[in-house]
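When we follow the numbering used here, the leftmost residue of the first sequence carries the number 5, and every step to the right adds one.
Since the hints were derived computationally from the structure, they do not count as laboratory data. Since the structure is predicted, the reported quantities are computational estimates derived from the model, not experimental observations. Errors might be hidden in some of the hints.
[Claimed, not checked] Simulated restraints on C-beta separations:
hint	residue 1	residue 2	range
1	16	159	26 to 34 Å
2	180	34	12 to 20 Å
3	40	172	18 to 26 Å
4	74	156	21 to 29 Å
5	6	38	20 to 28 Å
6	25	104	36 to 44 Å
7	168	74	27 to 35 Å
8	197	14	34 to 42 Å
9	182	13	27 to 35 Å
[Stated by the list, open to error] Here are the simulated EDC-like cross-link-like pairs (lysine to aspartate or glutamate), alpha carbons at most 16 Å apart as the crow flies:
hint	residue 1	residue 2
10	101	75
11	38	195
12	6	111
13	166	181
14	158	181
15	6	107
16	42	111
17	42	107
18	184	230
19	101	71
20	168	151
21	42	71
22	42	66
23	159	137
24	166	151
25	38	201
26	159	201
27	42	201
28	38	111
29	6	104
30	6	137
Positions of the beta carbon are idealized from the N, C-alpha and C atoms, including for glycine.
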Amino acid sequence: MKIHSLHRWDVTPKEAISIQKDLARHINTSVGLKISPKLIAGADISLSQSRGPAYAGVVVLDANTLEVVAEYTQRGEIDFPYVPGLLSFREAPLLLKAFEQIDPPPDLIMLDGQGIAHPRGLGLASHLGLFLDCPTVGCAKSRLIGDHREPGTKKGSHAPLKGKNGETLGSALRTREGCKPIFVSAGHKIDLASALEWVLRVSPRYRIPEPTRLAHNLVNRVRKEDQGLRATSR
DNA sequence: GCGACAG
DNA sequence: ATCTTGTCGC
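Whenever a hint applies, use it, and build me the whole structure from the sequences.
If you want it as structure tokens, here you go:
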């Protein structure tokens, strides 16, 4: 799919923060932004503790059957450090190279991280939504900012994630009974209600939604295979 | 200054 | 996130 180049990626953390503030103004998650995706993609990255290449992967699913339609992977180096709030500057460059190969483009993308539930309103999902000009949703396994009450015990129960001024940033969603909730927030071109609806719809069995869960499995599998090959060739 | 802190 | 074995609970 087509990648928009809105800025360079080799920036300092200070420049990154400035870029986020600027880009956040272009995010659209207005109530009423509903979608009916036919293809839903999930993406993730896998890195090894020791130094070595990173692996990005995207899995495209049929929105109705949840069958895997396509898989894409991309190997590359990551230099930007992990800094809470600046995750996209670490993961987005490689993820975008993987998305570049995708054809046809998906109608919705789910990411492992936050959407607008971010200090400057531009988490990984929102940032990628702008570069890909595609609806995105953030499905984080833990909270970055905001407060929330414990959602109900039943699958599908959710509690609003609220910011300092009382704004609703996202939701803590119970995708499976007996498990901790995940944090869903709109990324771009979709509203929170619709984001919640689709995340729940692609989470038939596990805590992690199928798109990102399968993408996670894919990149870990590919990393181990590639590391094995590289080890035997040396 | 202190605590919090996606992956 | 990654590493890593067994173990506790629904």
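C-beta pair residue 168, residue 74: status relative to the range 27 to 35 Å that was hinted: violated, 41 Å
Given hint residue 137 paired with residue 6 - CA-CA distance at most 16 Å: Roughly 9 Å separates the two Cα atoms, so the pair holds.
Restraint check for residue 166 with residue 181, where alpha carbons must lie at most 16 Å apart: Since the Cα atoms of residue 166 and residue 181 sit roughly 23 Å apart, the hinted pair is violated (cutoff 16 Å).
Hint consistency between residue 38 and residue 201 [alpha-carbon to alpha-carbon, up to 16 Å]: holds, 10 Å
Distance restraint between residue 6 and residue 104, which requires alpha-carbon spacing of 16 Å or less: It holds: about 6 Å lies between the C-alpha atoms, which stays within 16 Å.
Pair hint outcome, residue 184 versus residue 230 [Cα-Cα no greater than 16 Å]: violated, 33 Å
Proposed proximity, residue 107 with residue 6 (alpha carbon, max 16 Å): With a Cα-Cα distance of about 10 Å, the restraint between residue 6 and residue 107 holds, given a limit of 16 Å.
Pairwise hint evaluation, residue 201 against residue 159, where the allowed Cα distance is 16 Å at most: Holds, because 12 Å separates the two Cα atoms, which is no more than 16 Å.
16 Å Cα cutoff - pair residue 42, residue 111: holds, 6 Å
Residue 6 paired with residue 38, Cβ distance criterion 20 to 28 Å: This hint holds: roughly 24 Å between Cβ atoms.
Agreement of residue 38 and residue 195 with the hint, judged by alpha carbon distance not exceeding 16 Å: holds, 7 Å
Agreement of residue 158 and residue 181 with the hint, judged by alpha carbon distance not exceeding 16 Å: holds, 6 Å
The structure does not agree with the numbered hints 1, 2, 4, 6, 7, 9, 13, 18, 19, 23 stated previously, though it agrees with the rest.
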